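Enquirer: Just need the whole structure built from these sequences, with the hints factored in.
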Amino acid sequence: MNTGGNHLKVTHFMRRPRPNVFSIERLYEDVRGAMPEDCRVTVWTCRNLSNGVWPRLQDIWLARKHQGDVNHVTGDVHYLTFLLDPKRTVLTVHDLVLLGRLRGIKRWIFRLLWYWLPVRLSRAVVVISESTRKELLENLRCDPAKITVIHNNVSDEFQPVPRRFAAACPRILHMGTKPNKNLDRVAEALAGIPSRLVIIGPLSQSQITMLRQYGIDYENHTGLSRAALVAQYGAADMLIFASTYEGFGLPIVEANAVGRPVVTSNILSMPEVAGEAACLVDPFDVASIRAGVRRVIDDADYRRRLIEAGHVNAGRFRAEKVAARYAALYREIANAPGRV
Numbered sequence: 001m002n003t004g005g006n007h008l009k010v011t012h013f014m015r016r017p018r019p020n021v022f023s024i025e026r027l028y029e030d031v032r033g034a035m036p037e038d039c040r041v042t043v044w045t046c047r048n049l050s051n052g053v054w055p056r057l058q059d060i061w062l063a064r065k066h067q068g069d070v071n072h073v074t075g076d077v078h079y080l081t082f083l084l085d086p087k088r089t090v091l092t093v094h095d096l097v098l099l100g101r102l103r104g105i106k107r108w109i110f111r112l113l114w115y116w117l118p119v120r121l122s123r124a125v126v127v128i129s130e131s132t133r134k135e136l137l138e139n140l141r142c143d144p145a146k147i148t149v150i151h152n153n154v155s156d157e158f159q160p161v162p163r164r165f166a167a168a169c170p171r172i173l174h175m176g177t178k179p180n181k182n183l184d185r186v187a188e189a190l191a192g193i194p195s196r197l198v199i200i201g202p203l204s205q206s207q208i209t210m211l212r213q214y215g216i217d218y219e220n221h222t223g224l225s226r227a228a229l230v231a232q233y234g235a236a237d238m239l240i241f242a243s244t245y246e247g248f249g250l251p252i253v254e255a256n257a258v259g260r261p262v263v264t265s266n267i268l269s270m271p272e273v274a275g276e277a278a279c280l281v282d283p284f285d286v287a288s289i290r291a292g293v294r295r296v297i298d299d300a301d302y303r304r305r306l307i308e309a310g311h312v313n314a315g316r317f318r319a320e321k322v323a324a325r326y327a328a329l330y331r332e333i334a335n336a337p338g339r340v
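Per my numbering, residue 1 is the first one in the sequence shown, and the count goes up by one each step.
What the hints contain is simulated information worked out from the structure, not anything from laboratory work. Where hints are given, some of them may not hold.
What the hints assert, rightly or not - Within a straight-line C-alpha distance of at most 16 Å, the following computed EDC-like cross-link-like pairs (lysine to aspartate or glutamate) qualify:
| id | residue 1 | residue 2 |
| --- | --- | --- |
| 1 | Lys134 | Glu272 |
| 2 | Lys321 | Glu29 |
| 3 | Lys9 | Glu37 |
Said to hold, decoys possible - Beta-carbon label-pair distances, calculated as ranges:
| id | residue 1 | residue 2 | range |
| --- | --- | --- | --- |
| 4 | Asn220 | Phe284 | 21 to 31 Å |
| 5 | Pro36 | Asp143 | 24 to 34 Å |
| 6 | Val149 | Arg47 | 28 to 38 Å |
Fair warning: this is a prediction, and the values are worked out from it, not measured in the lab. All residues carry an ideal CB built from backbone N, CA and C; glycine is no exception.
Expert: If you want it as structure tokens, here you go:
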């Protein structure tokens with residue numbers, strides 16, 4: 001029960017951020033800024049990176065000393081739940097991408113320590129899309145009533161930026177370079193289309209070679225500040241986000257908010273996030289990706305409709321709405337008797 005008068009004390013347990021990886025940190029910073037006054041959130045950040053057994057055990061032990069009326073493990077470091085009070089702990093699961101990459105005993109151990117036990121030791125589990133909810137239920141067979149969908153939020157830093165579409169040679173923004181971001185098929189799809197591909201994220205030598213083989217005119221940016229990242233959306237003509245796996249797909253909404261047409265995948269969470277505000281393509285089909293890009297470039301009326309729908313869509317994901325949903329969940333947990 002809440003023992004802090006009229007104020008609910010919530011602890012956000014955060015991973016120690018890695019260089020150039022700050023998506024979870026950014027999301028919850030915005031949520032905290034929009035939280036209702038009766039929810040007072042403090043932050044505890046892991047002392048160690050999530051590497052090795054001893055550093056993780058140390059953070060599990062340290063985390064137990066910083067509990068609030070509600071404990072919220074905000075993602076990635078799911079193992080922090082092991083010594084927190086299960087009656088007042090919330091866990092956010094952003095995706096199950098690593099589970100899909102493992103096989104055999106490694107998969108079994110990872111599933112146990114990163115998903116099965118943390119979910120069992122939490123009063124409530126938040127997932128960021130219906131797609132992730134379905135995936136979690138398929139892999140863990142846990143109680144569906146324990147799982148709540150609360151979408152990610154888009155930062156207020158992403159605001160409409162007027163720009164005349166450069167149809168002759170558009171700047172096409174591509175977020176991310178990990179395998180699921182599908183850069184190889186995107187490059188193949190863009191081959192021969194006059195454009196400049198703006199790639200955010202570190203490129204491997206094999207990716208650089210591949211881009212050259214397809215004759216892609218590109219520029220690459222890494223280590224961007226938040227302001228610089230926002231500026232890249234404003235400087236782009238469109239976003240290509242033909243990912244093969246996402247738990248959510250925040251770049252879709254960020255581009256919507258800035259007023260840029262989006263081409264994204266027709267699988268998993270991406271149609272849910274995009275709604276009517278993107279051109280959906282098959283991320284495994286180069287011809288489908290190419291056709292989507294060409295349609296956005298060639299059809300001005302279609303672009304206009306996508307941009308208009310994007311402004312409406314972005315409104316679904318504003319921080320105030322997301323924070324209100326988290327606050328309601330926190331209150332429910334703080335005032336709920338009984339065990340997990």
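Enquirer: All hints are to be evaluated individually against the structure, with a verdict given for each.
Expert: Hints, one by one, checked against the model:
1. Lys134 to Glu272: With Cα atoms ~13 Å apart, lysine 134 and glutamate 272 stay inside 16 Å; holds.
2. Lys321 to Glu29: Status holds; Cα separation ~14 Å.
3. Lys9 to Glu37: Holds, because 11 Å separates the two Cα atoms, which is no more than 16 Å.
4. Asn220 to Phe284: 21 to 31 Å: 24 Å, holds
5. Pro36 to Asp143: 24 to 34 Å: This hint holds: roughly 28 Å between Cβ atoms.
6. Val149 to Arg47: 28 to 38 Å: 31 Å, holds
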